[in-house]
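Undergrad: Numbering of the sequence shown is given in this note's numbering, commencing with residue 9 and proceeding in unit increments.
Hints are computed from structural coordinates only; laboratory data are not their basis.
Note that beta-carbon positions come from the ideal geometry of N, C-alpha and C, so glycine has one too.
Keep in mind that a hint or two might mislead.
The following label-pair restraints were derived from C-beta to C-beta distances [as the list claims (entries may be wrong)]: (1) M9 to V53: 35 to 45 Å; (2) P90 to I11: 21 to 31 Å; (3) A112 to R42: 14 to 24 Å; (4) G30 to P90: 31 to 41 Å; (5) G116 to G80: 14 to 24 Å; (6) D74 to V26: 18 to 28 Å; (7) A28 to N87: 28 to 38 Å; (8) D19 to N87: 27 to 37 Å; (9) S50 to G30: 33 to 43 Å; (10) D19 to S102: 35 to 45 Å.
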Amino acid sequence: MEITRVANSADKPYSTAVIAGGRFVFVSGQISTRDGQLVGGSIGVQTEVALENLAHVLESAGATLDDVTRCGVFIADLNDLPEFNVAYRRAFGSRLPARTAVGANLPGYGIEIDCIAVIPELEKK
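Model the full assembly from the supplied sequences, consistent with the hints where possible.
TA: Have a look at this one:
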């Protein structure tokens, strides 16, 4: 099986994403950063930015949020889940992937989201 690793832009000890078998995309946790700077604010805003980052990584692999089959969510304060869910549902609409959400001690940010997606097959002509 072919495995392609997508390097991250920083000097970090992990791949931003790994594509296995040409179809399965495993995306490392994304947080609320823009241009290398942490975007603070409400958990809703942080969720939107983290999901934008997730979508960007997926796009570079040939997938979209529509292709996500599972998300792992790490949230600093479980009391923020209702607000998180609003932003999450807005991003995924009716195409909700399977999901696990756990409370985590996050260093300076409120949310981290990873995912697994399946790259759509190209239509054969």
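Undergrad: List, from low to high, the hint numbers that the structure doesn't satisfy.
TA: Number 2 only.
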